[in-house]
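Here is how the chains run, residue by residue.
There are 2 protein chains.
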Amino acid sequence: MEAGEGVSSATPTEEMNGAGNLMDFLDEPFPDVGTYEDFHTIDWLREKSRDTDRHRKITSKSKESMWELIKSLLDAWSGWVVMLLIGLLSGTLAGVIDLAVDWMTDLKEGVCLSAFWYSHEQCCWTSNETTFDDRDKCPQWQKWAELMTGNAEGAGAYVLNYFLYILWALLFSFLAVSLVRVFAPYACGSGIPEIKTILSGFIIRGYLGKWTLLIKTVTLVLVVSSGLSLGKEGPLVHVACCCANLFCSLFSKYSKNEGKRREVLSAAAAAGVSVAFGAPIGGVLFSLEEVSYYFPLKTLWRSFFAALVAAFTLRSINPFGNSRLVLFYVEYHTPWYMAELVPFILLGVFGGLWGTLFIRANIAWCRRRKTTQLGKYPVLEVIAVTGITAVLAYPNPYTRRSTSELISELFNDCGALESSQLCDYINNPNMSRPVDDIPDRPAGPGVYSALWQLALALVFKIVITIFTFGMKIPSGLFIPSMAVGAIAGRIVGIAVEQMAYHHHDWIIFKNWCRPGADCVTPGLYAMVGAAACLGGVTRMTVSLVVIMFELTGGLEYIVPLMAAAVTSKWVADAFGKESIYESHIQLNGYPYLNVRDEFTHRTLATDVMRPRRNDPPLAVLTQDTTTVEDVETLIKDTDYNGFPVVVSRESERLIGFVQRRDLTLAIKNARQKQDGVVSSSVVYFTEDAPQLPASNPQPLKLRRILNLSPFTVTDHTPMETVVDIFRKLGLRQCLVTRSGRLLGIITKKDVLRHMAQMMNQDPDSIMFN
Amino acid sequence: MEAGEGVSSATPTEEMNGAGNLMDFLDEPFPDVGTYEDFHTIDWLREKSRDTDRHRKITSKSKESMWELIKSLLDAWSGWVVMLLIGLLSGTLAGVIDLAVDWMTDLKEGVCLSAFWYSHEQCCWTSNETTFDDRDKCPQWQKWAELMTGNAEGAGAYVLNYFLYILWALLFSFLAVSLVRVFAPYACGSGIPEIKTILSGFIIRGYLGKWTLLIKTVTLVLVVSSGLSLGKEGPLVHVACCCANLFCSLFSKYSKNEGKRREVLSAAAAAGVSVAFGAPIGGVLFSLEEVSYYFPLKTLWRSFFAALVAAFTLRSINPFGNSRLVLFYVEYHTPWYMAELVPFILLGVFGGLWGTLFIRANIAWCRRRKTTQLGKYPVLEVIAVTGITAVLAYPNPYTRRSTSELISELFNDCGALESSQLCDYINNPNMSRPVDDIPDRPAGPGVYSALWQLALALVFKIVITIFTFGMKIPSGLFIPSMAVGAIAGRIVGIAVEQMAYHHHDWIIFKNWCRPGADCVTPGLYAMVGAAACLGGVTRMTVSLVVIMFELTGGLEYIVPLMAAAVTSKWVADAFGKESIYESHIQLNGYPYLNVRDEFTHRTLATDVMRPRRNDPPLAVLTQDTTTVEDVETLIKDTDYNGFPVVVSRESERLIGFVQRRDLTLAIKNARQKQDGVVSSSVVYFTEDAPQLPASNPQPLKLRRILNLSPFTVTDHTPMETVVDIFRKLGLRQCLVTRSGRLLGIITKKDVLRHMAQMMNQDPDSIMFN
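Residue numbers (full-length UniProt numbering), protein chains in the order written: chain A, 1 to 769; chain B, 1 to 769.
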């Protein structure tokens, strides 16, 4: 037996204290122990055990007095309170953004004379002179040319309006990019890749800060109003997470524990999607499927609560003026037929191809931006893209208006009251049918010209979105993707409809398309196309279908949506597994351990651990022979985040792991406050001080910062298991042993580098500390 | 350095083979290696790594020939095929069950003369003589008394009908309980507790077998038709899982891997709920929230697919005859008002109290059944309960009909065409309003008598359900719980409505309840009450609200449902954390490691591991000194499921872990097939055979069954971390070391016993091997 090699045999009471180790040192006067530095990754197990300690402390205290009991109840309820606050604030912000965007988008075209803060629609709704037929035209609303020259028609007025449209757009986007650059560089982009990374356990200080929140909200309004091809849905998730971070700081339960904070952030992501689309259930599933890393059941309930509160806050603000919760409310009156699955699946294929094209082209362009001169002039780039967008968008009525209005029109079924060009069908006067059941009719000239304009709009949107996403302004991808899909879908829908009308004797149309009956709904095709394109870019499936289901509110159309979403995912996956968010994570080198990647290589822990063959030996501390000076030298010479502690260098038997940050703080603290601790003092991690000659300086006991339960695997463990353990337990590092002897260490960075290497990517691209 | 203590330093190639260890021995001729015995628990990590091996093998083979490529594609698609099959079969079975139940429930009262296989509704629908007003009465449908005596009215006919009703009920339930006893004892109960346990990694052979499927389907029809206070929703989950298990056996990918099989079962649970309620999204969330243990994203998509296919199969069978997917389709026309939240929350409190009462009383009764003579007469018990149910149920029209019809009526809003007693309001002739907007009116005598009958039905349902759930027949809990809640809710709803009508000048009603306007929907109260009661019993939250949302199809009513569900959960949780399913798991002693239980005690791994103080030392094998005889003695003398392998007994350095089952099979196999292996042969686990005198018999190499990467924790690891690791990685056992020396072992059973001990429960109640 090699007993007594240094580890004192502990009595039961002592053992119990062992578990409380962490708590003891949290009570210590020196601050910041147990926190993380910027751009570091958190240790989920440690965070969880810290929270359990805190919880235990509160529970035991709560028996002492009434006041402590109330405090413990408040603590237990604080989770729900935070959710309520997040829901209220993110719902309010979403409402304010919607209202402001409405007003500013219309400001590019004209102004309301009766009250300049009214949008076009509000202006004409409040006017008494509007007739029901012509809601869009009222004397109070004047285009700029009309206001300035008194002349509403003619080429001159058109050019003036055109010019002012471009000017406003440039002004908005210039303001936005300047604000982002000066005040909050983190406010740019959609934020979802970064939030995914943060939720997986990475620290990016300031990314969810107050300034980011403020600037992102303001600039989001500006960029959306400027008419750029981007949406506000992704950034709303970022905004909601910023709100969550803000409220976390009110409760020490969340502000001091990075693990608990991430639970709140997951719920906030759900609230963000909930207000973006008015789809609370879809929001929760989006958070679960797309964003979150660690999603316990408790978070599921809380997310749902936050998503609901947010949705109802938004509804009481009522920015769309129709008491509807959802962004695109649609109601269809015709069922779909089995044969229609063919065009639906074709739309799915289109969506998948669009997803692949977009991801490849966008990533290539963003890489170019990062590596060439282009990246140095973000303001100029934004101005140029805005200018091009505005110049090209104005002449086409389908690109001039805001993208969400466009999608809304494309989704809509042609009712009897619809005045849109898309509904310009040739009426058959000898039929009188109820209002909500319009039979199929031949397309009129309006429809044909609309088709041309839509085709041009499609090409324009596809190209410009590739260059827009990734600029240094807040930009979401949901709306442009959906627009591309909706345009393609509507075109296909009208084509099928006209084919069915003109060839209703064809065998496939015979059963369901008798003349005079309603059989094809082009709006449904637009919706299916939108789902397919969104799916191709983001690779969402269930959450996508549920969001769409919440928009239509009927189970009827789940099958077409599902067919398109799944086809689109399969097609896109065939060309590359990564969604746009994951591609951007990779491009930026964030240390994100993807849950979906299956690790199938046959490597072992020993192939990945450091030190490698020919490397210098592992930097370790011994339990009772290292001096303070040795430790300080080790800290200075290396940049490892922690050091294993062994019984002795000869036996290499592992007893624990100590964090660099804690070690630095502890020694600094001891040197300041503890008399007799000098450079030659021995540092010891055992229970009892080692037997030293009397002449030696006072030793320094550091057992309290020692993690006595470091995670170990054997050198023969397959890497797939190691990856699984890192994912599921959220480890920061893991020690490798062989028959009880310490051989090396695997950090999360090593795992990520190894995975990158196995996928033939550059392992050094990963940003990490 | 203590190098060379036996572990040969492996070359890189060898290391690679290490990972393939498992694969090598799977290729071995002796079968059953890597499988589990009945009532054992699976090792998730091992299953996962086996699947990865299988996958790697197929991928590498697929490059060899076209045929192998096709095979690999088929393999990749088999998951979706299984889902499709599960959806089709479970949808079909659910449809058949619905049709059969409809017919047999009506058979208790009478028969269709034109075709005896028609249910009452079908009989009168096909009849031409029915008027629109009186759909329920048609000459073809005759009650038994009318048929037998020609006399439809009078006391004699009533008694005869009453008598025959009881007789049929007794016949059905006797048949059911006999079938269950004789052919498939596992077909009893709701099955959800067992499925939860199976999904968490336990093996119960036959629980999901073909016989169970067949008998459960048949007896489910019988017991539901017999009028007992039970539902078919829970058992449908079991039926769907049986289907899944059936189809798993078609694909070796699933039949040979217990981990993969559980992924399919999770999806099947979703399909089961999907067909039970017609709520596919709710089904997926139910599986996620309530049933599943390991639910990767891939399973989410597949569950959704299976749930959709099942729902659409059911819809095409169209058992309810109304093209509706959902069990209770409701449409309300009035919004709800803020003040109504007070009665909704009161219903939530009622639901929580009902949940607590039911769980406590039912568990007490089931415990009594287990421990007393009562359990020995299951047939008699079923007969007695059926008799009592039938005798008490017949006189009350609300308990005589099937429970789902009752719920449906309670949920319904009183339209103009409603002939129900519950809608017997006094009409105000001077008002003429459109059909779907009936204003509040004073209640007529019919409503008052209905209220009395409902109150009696409520008491009856509460009492009888406690005694029904847990008998040796298939029995679900959803429908009875919902019925209790719906009755209570409707009573409260009518009370509020009448109060609002008669006191519309009260300050709280003033704003929303003007006379002549419609302000309170009693049906909505019934729905909220049903959700609250179901929530109190099952502790579902999100899935419950989503199921209810899918029933109504409107986001409007989510807030009332949510308020009631959350209140009910809070109230019920205050009295005890366990849901009815978890209570039954505990009662039966299944080894289920609950994901929701927070382990907050400050114990360490060293307190839980075996051997305890004063126990004999841990049974270990040495790497190259144990003989075949030693191993056989060890296997005979102990009943452990596996043995750690150490370098030597002195150093106690761990090198691996070997499963008892594999060891037995390997030695048996070697003795039969390998010449020279005798009792005194040395068993070695190293790469190279130990140096032995020439006179010794041939040694036996067993490295291929050695798990070289056993999971270890240190003795100082807090138990909360250990519990977390067991949960997240699905371990079967974990070895405990201190500074590299093996100290003991913790199995899943030890963890469960320790948790039971900490919660002051009997640790020996856990059934386990």
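Be aware that one or more of the hints could be misleading.
All copies of an identical chain are treated as equivalent in the list; a pair is satisfied when it fits inside any one copy or across any two copies.
Said to hold, decoys possible - Below, simulated DSBU-like cross-link-like pairs (lysine-lysine); rule was C-alpha separation at most 30 angstroms, straight line:
no. : residue 1 : residue 2
1   : 376       : 701
2   : 577       : 63
3   : 577       : 256
4   : 636       : 728
5   : 256       : 668
6   : 298       : 63
7   : 728       : 668
8   : 57        : 577
9   : 256       : 728
10  : 253       : 577
11  : 577       : 61
12  : 143       : 61
No lab work stands behind these hints, which were simulated from the structure alone.
So, against the hints stated earlier in the document, which numbers end up violated here? 1, 4, 7 and 12
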